[in-house]
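**Q** The primary structure of each chain is shown beneath.
There are 4 protein chains.
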Amino acid sequence: MAIHPIDYRYGSEEMRRIFEEESKLQKLLEVEAALARAHAKLGNIPEEAAKEISKKASTKYVKLERVKEIEAEINHDLMAVVLALAEVCGEAGKYVHLGATSNDIIDTATALQFKEALAIVERDLEELKNILLERAEEYIDIVCVGRTHGQHAVPTTYGLKFAIFAMEIKRHLERLREMKKRLLVGQMTGAVGTQASFGDKGIEIQELVMKDLGLGKVEVSNQLIQRDRYAECFALLALISATLDKMGREIRNLMRTEIAEVAEPFREDKQVGSSTMPHKRNPINSEKVCGLARIIKSNVFVALENVSLEHERDLTNSSPERCIIPESFVLLDEILKTMKKVMKGLKIFPENVEKNLMLTKGLNLAEAVMIELTKKGMSRQKAHELLRRLSIKAFEENKGLKEVLLESKEVRAYLSEEDIERVTNPKNYIGTAIEQVRRILEEEKKSSRS
Amino acid sequence: MAIHPIDYRYGSEEMRRIFEEESKLQKLLEVEAALARAHAKLGNIPEEAAKEISKKASTKYVKLERVKEIEAEINHDLMAVVLALAEVCGEAGKYVHLGATSNDIIDTATALQFKEALAIVERDLEELKNILLERAEEYIDIVCVGRTHGQHAVPTTYGLKFAIFAMEIKRHLERLREMKKRLLVGQMTGAVGTQASFGDKGIEIQELVMKDLGLGKVEVSNQLIQRDRYAECFALLALISATLDKMGREIRNLMRTEIAEVAEPFREDKQVGSSTMPHKRNPINSEKVCGLARIIKSNVFVALENVSLEHERDLTNSSPERCIIPESFVLLDEILKTMKKVMKGLKIFPENVEKNLMLTKGLNLAEAVMIELTKKGMSRQKAHELLRRLSIKAFEENKGLKEVLLESKEVRAYLSEEDIERVTNPKNYIGTAIEQVRRILEEEKKSSRS
Amino acid sequence: MAIHPIDYRYGSEEMRRIFEEESKLQKLLEVEAALARAHAKLGNIPEEAAKEISKKASTKYVKLERVKEIEAEINHDLMAVVLALAEVCGEAGKYVHLGATSNDIIDTATALQFKEALAIVERDLEELKNILLERAEEYIDIVCVGRTHGQHAVPTTYGLKFAIFAMEIKRHLERLREMKKRLLVGQMTGAVGTQASFGDKGIEIQELVMKDLGLGKVEVSNQLIQRDRYAECFALLALISATLDKMGREIRNLMRTEIAEVAEPFREDKQVGSSTMPHKRNPINSEKVCGLARIIKSNVFVALENVSLEHERDLTNSSPERCIIPESFVLLDEILKTMKKVMKGLKIFPENVEKNLMLTKGLNLAEAVMIELTKKGMSRQKAHELLRRLSIKAFEENKGLKEVLLESKEVRAYLSEEDIERVTNPKNYIGTAIEQVRRILEEEKKSSRS
Amino acid sequence: MAIHPIDYRYGSEEMRRIFEEESKLQKLLEVEAALARAHAKLGNIPEEAAKEISKKASTKYVKLERVKEIEAEINHDLMAVVLALAEVCGEAGKYVHLGATSNDIIDTATALQFKEALAIVERDLEELKNILLERAEEYIDIVCVGRTHGQHAVPTTYGLKFAIFAMEIKRHLERLREMKKRLLVGQMTGAVGTQASFGDKGIEIQELVMKDLGLGKVEVSNQLIQRDRYAECFALLALISATLDKMGREIRNLMRTEIAEVAEPFREDKQVGSSTMPHKRNPINSEKVCGLARIIKSNVFVALENVSLEHERDLTNSSPERCIIPESFVLLDEILKTMKKVMKGLKIFPENVEKNLMLTKGLNLAEAVMIELTKKGMSRQKAHELLRRLSIKAFEENKGLKEVLLESKEVRAYLSEEDIERVTNPKNYIGTAIEQVRRILEEEKKSSRS
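Chains as they are written, first to last, in our numbering: chain A, 1 to 450; chain B, 451 to 900; chain C, 901 to 1350; chain D, 1351 to 1800.
Treat the hints as calculated values from the structure; they're not laboratory data.
Do not take every clue at face value.
[What the hints assert, rightly or not] Calculated cross-link-like contacts (lysine-lysine; reagent style DSSO-like; alpha-carbon spacing at most 27 angstroms): (1) A/K427 <-> D/K1690; (2) B/K843 <-> B/K620; (3) C/K1275 <-> B/K651.
[To be verified] Taking CB as the label site, the calculated pair distances span: (4) A/E396 <-> C/G1277: 25 to 33 angstroms; (5) B/R839 <-> C/G1116: 36 to 44 angstroms; (6) B/E654 <-> C/G1116: 40 to 48 angstroms; (7) B/R839 <-> D/E1363: 57 to 65 angstroms.
[To be verified] Some chain B residues well away from chain D (every beta-carbon gap over 10 angstroms; in silico): (8) L809; (9) T824; (10) M828; (11) K852.
For every residue, glycine included, the Cβ atom is placed at its ideal position computed from N, Cα and C.
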């Protein structure tokens, strides 16, 4: 019966399937088959045997149940696979696993799993980036209040917010693509890396097998593929989840009842927001993203400890990898797809955006006025001090900045009423926000066309 | 199909059962039943209704399948339990969950799970401590070489090694027992902690429910039991696993081919040590312990991040707790029981212990000679310098320390041949090692009798 | 020149002093002196020598500079201290460090540092708890909106918020006090734990030294005090900082411009809130608390890895402990004192509290109405469904809940106008919030008197 | 007085200098100067003013002491720098910091620090890789026993061991070089990313400043450079330290008294190996590497949490970055240089390598015999079973494998005495180990020439 939520609750079908026991078995069998074909090509075993092994190297013939039965008997998981494959191959069975050590098969099969899983992550990242760019384009000129330290600052735009997210996802794609050449490698190096069990053709065998499987190969190794390669991958998954956490946190904060500028998509017919407060729109998707990101981040430590194996290998990496490989990929899959859904269906409430933008009655535009005053000839230090004083006055008397400016002789010596009107309109103080986003949109469209 | 190894590979039946979906459901139902009984006792609902609810609050009546069906409909897991319970209670159904908020039920049910899980951990720790004390007693006078920095140092005893482990486990028991009063608490505090939904009898209701369930109660809370309580628990599980990691590492090192002082129990008839090296005795149990300990340690970070929830609660703790609660308990269960087995069946090879003890031909007894020389009147600094010189001589000429001492006029001016014989016998240089262990054994026997 | 901010920016004088190189030296000397006194008491060395050593075991006589000079020569830090002490003791110098191994002195000296540092933490926690209780008392009946998922929920009180924090700090005090017996221990166990270098009086020597220094003692050990004791301490410091992080996050959120219910104390004359926005009240203290908490939490990982030392010790704990011991204590000191200051001087803005409480126009009181309706005889399920409908109506038509209730025939069949008036006043729906806090205040006053 | 060891103990002069308060100040000033030059180029300020600012933007003129004085006054660190620079620039002072927000300057200055620090890391990695390749070449044909699970396995070579390390360092270099384009970027984006304070020339200003400083630029940003860029860097530093930990652990294990195949370089004249055991050769350098690596790894957690900042920025990243940026770089510097020294001066003891290689009397060559038997016609399964039996026999009767093989009729039916002689010589069973290393050496020489 299910215990861990990646077994019954989290992750898409496509991602979970990769890490099911049966899929793992299928990959192991594929590597054994590729090995047999390589041996045949080099004349080490009969062509017919390789064909038979290739044919039977499938969970259609080699049943998970049978493998488990043998494992219970001999207490060695990979050897159980070898025996189970051998026994369905008849005469050819004796050519199974020739020269390989368990981890040649296991680590190469894991590389095949990584390849499939990363392809899904890459596609989802690409889609998320595009959704974010769509939002950036859609909201390119929606001016909202900027917030630093949780406090209102000068205005910004929703376009900029989403473009920042999109570019961060783009960096993750870049990292992922650069990483592949290091992670998606297999090995046929024998018990300690010398390939002694392959005779003198070890180097050729490794090349043939990996080419067959569509993987890169290690330049040199011992019993295991070195785990810095894996740790880099877990670090990247954690980095991505840190970004998703940031996006989730942004949505949660912008959904606060007092702010209410956006809302997650919500199925009004079905979903119970709260058992006692039926009107609530809880950001449960974003909260889930922030929550599960914690686990993906913490798994980095496991992966880092797994790097430091002794001599030609110890086994301490094995049991934790059984846990963290599926866990990190399935949970990232869950939160990546969740975030795609949230960003795709995100609702925005322009009237609340506007209301918040004006909440401090222009106090957040002091900077704009200061700049205008210096343009008109006031010294910068004086303008700074003046605005500081007027801002505090406005704040304490609960007046608008415009009102206070209009009343100030010092200001009026430099600025006309129209000047003040213009300079206290937040929409006139967004600098190059639109231009920056426009450039990004163009750049991305260009590069997606190419 | 299974993905995470706590679902098919790790953990005992007794521990895994606690965290299965159905067990969780059963606990939730028990809390609902206790709540109904409390309401009845205070006259809020009919006695009969409480009886009916108590009877039906069981997975015999409330099927997991049905709960999932409702959840799929309404997208709220606890409310689905409430509705599923209500619908099998007939008329009494309307009295289910009265005044409670979802997390009153969930967190209280989790406390019940913690209680069962900790009872198993406590019992296993107690047993492991006793096994270690047995080993300490059995090996109380087996003198072996001490090793610091991986280098041979003065002698110690196997008794001391095991007594140190036993006392560390004892400290964990102490910590666990002190923690219970903080962790094993439930709450009935309503949506934000005010108990408003319970009318004016909230305080009494909470008391009645927790007394009924055998739990402590929060003094004050909001929608959630504060997560410092959980984080303390995860920190303790990590501390315990760090100790098991230390023990596993010790076994692995003492099993090294070059050292070979001990061996894990091994089923010679069945187990394949290695597919290519049938004679190998790999410390696979200890390696598994060291490996899985990494995950339990990394989960502390998740638990620490879960402490910092916003306002009266946010949901970010929920999804990661679904993962780390079963994971940390089931994996600790796996490695604790594994270590019990290893320590119970540990083989020791006295001839190798002896061989290693003499490996540096007495060089590790320079300290003993130095002390003897100062006792006999040589200045400490002079003795230190002399032994330093003689040790280097012995080391470089590959002689025994005894030999070098016998040749040294400076030494012979103070020590007779018998003196040298005695002082270079490692078994005469173990100080109070036996006495210390004896005291501990007596102390522990006394306290276990009381 | 300073690089790490605990050397020039963070931490109080009293805490930083404990971890300065010179203070560390002073503690090492004190342990050497206590050891000499123990030897004298047992007749191992002349009484006079112990007196001389005790007198000179001070940084007044043993200069840090001289110790560093010797260390540069011999490359061994503790032996440099021993030689520097011996050389100022004249004849008595030869009795310094008798029988001890370096770590007997180092670990015992560290226990003395822990003792001083924990005393400061304990006092600050106690003070913070009392400040929080003062706030709880002061704000006992200030009703505010409860927030779950960042969304408005039923009302709660500021008194409850602060009482929850206070009780969490109380639990930390409890943990700290329970931990002391495990952490504040020294050892005199020689190179590998056998006390061989102390002759047959090792057990007595250890007892005398620790009694002299006011420390507990290990029951058994090897070259090091076992690091589970330290890891527990780092876990506790992390737990405390997780709570401070929670408190800091609460302040930051309640200070948001849109919420503005509280403010950190602020020196208006001096502090520049922002270089471009002089009116801003940034929660910089709370942000610092949240930021530095991350480091204290991450150090747990280091402390957990330090537990697993090989054989009778390896040195891998040494270099990281030089970093994390001062870092975690000094940074915790910084954020604990900062949080005391914030909570002591916290400003509250009742008009904003009130405004937020009414923001959803009573929608957050649907639960209260539902309960009232069931009290008056409507079935619970019907009341739930009715309120769900009316809430959505109110929300969509932007009306107050009261208004919608008054218009609803179904409601009016059960509730009079006065009923509706009463039941939609949030101050009538805070359950036992005041009573719960009152009980805690009484309990705490009682226990602080005893 | 110094507290944290990066202030007095760890790190090279070149690395520590980068992170000293004064160097940080110097970088901040350089960014302000570049900004002034950009403004002048665009005609925003007089050319003369930019010249004056450029001249005075140096700690020669702007004293750290003065900056601290101002900071104490105004409680804002960057504004203190601005004022201190302005006051030494006379009339030109008013053109300092025009349009910039504090973090434009701070984050850009940090990028300059990263650039210098990474250059040192890159050079040291390159040197370490070359040292490892030298070792690989020197030991290319030194055959030693392979060890898996700490148990003897088939033979390998020291050349292979070092080549594996070298290639792992090479991967780190690759990662570092790929990362630079993401990390070494500055920004001039104003308070929230819109560049509003720069008027309409923000995009040009940013380009000019970054070109001037030799940095890349953000495509889009808010108040801060997005911290996924930093987190990637900390993850890489942790990955590198995990590899160094692995190398340190390998040295420590190979130096064990029972193994003694290698030794760290050791100054016999000076260094005290142990206060009580003068002959010891403790792997203190490698132990330090393993110890400090823990801190660099744990800092990843902090960096990951720093990614998730709220809205246009919060301040929680600031205080922890003050700690972890210098800490991770200085400690990595310490262990990277230490490992270079260790690997450069590593001693190898061929007689011990040989002794260990023969320790199991050929048992580790069962695989080789098995393969030979199958080559000669025995079925693989039969050969496996036969060797399994003979190995156990040899092991139990403490005979050499050769002896047992010679006695076995089943074996002799296939193998001659010479066959057995040849096949039980470990030096004949190292597969392509030498060839693999040779290829790598050639490849690396080629690429270093290009």
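**Q** For each hint, tell me whether it holds in the structure or not.
**A** Here's how the hints hold up against the structure:
no. : hint                                   : result
1   : A/K427 <-> D/K1690                     : 58 angstroms, violated
2   : B/K843 <-> B/K620                      : 45 angstroms, violated
3   : C/K1275 <-> B/K651                     : 14 angstroms, holds
4   : A/E396 <-> C/G1277: 25 to 33 angstroms : 53 angstroms, violated
5   : B/R839 <-> C/G1116: 36 to 44 angstroms : 40 angstroms, holds
6   : B/E654 <-> C/G1116: 40 to 48 angstroms : 43 angstroms, holds
7   : B/R839 <-> D/E1363: 57 to 65 angstroms : 37 angstroms, violated
8   : L809                                   : 6 angstroms, violated
9   : T824                                   : 13 angstroms, holds
10  : M828                                   : 16 angstroms, holds
11  : K852                                   : 15 angstroms, holds
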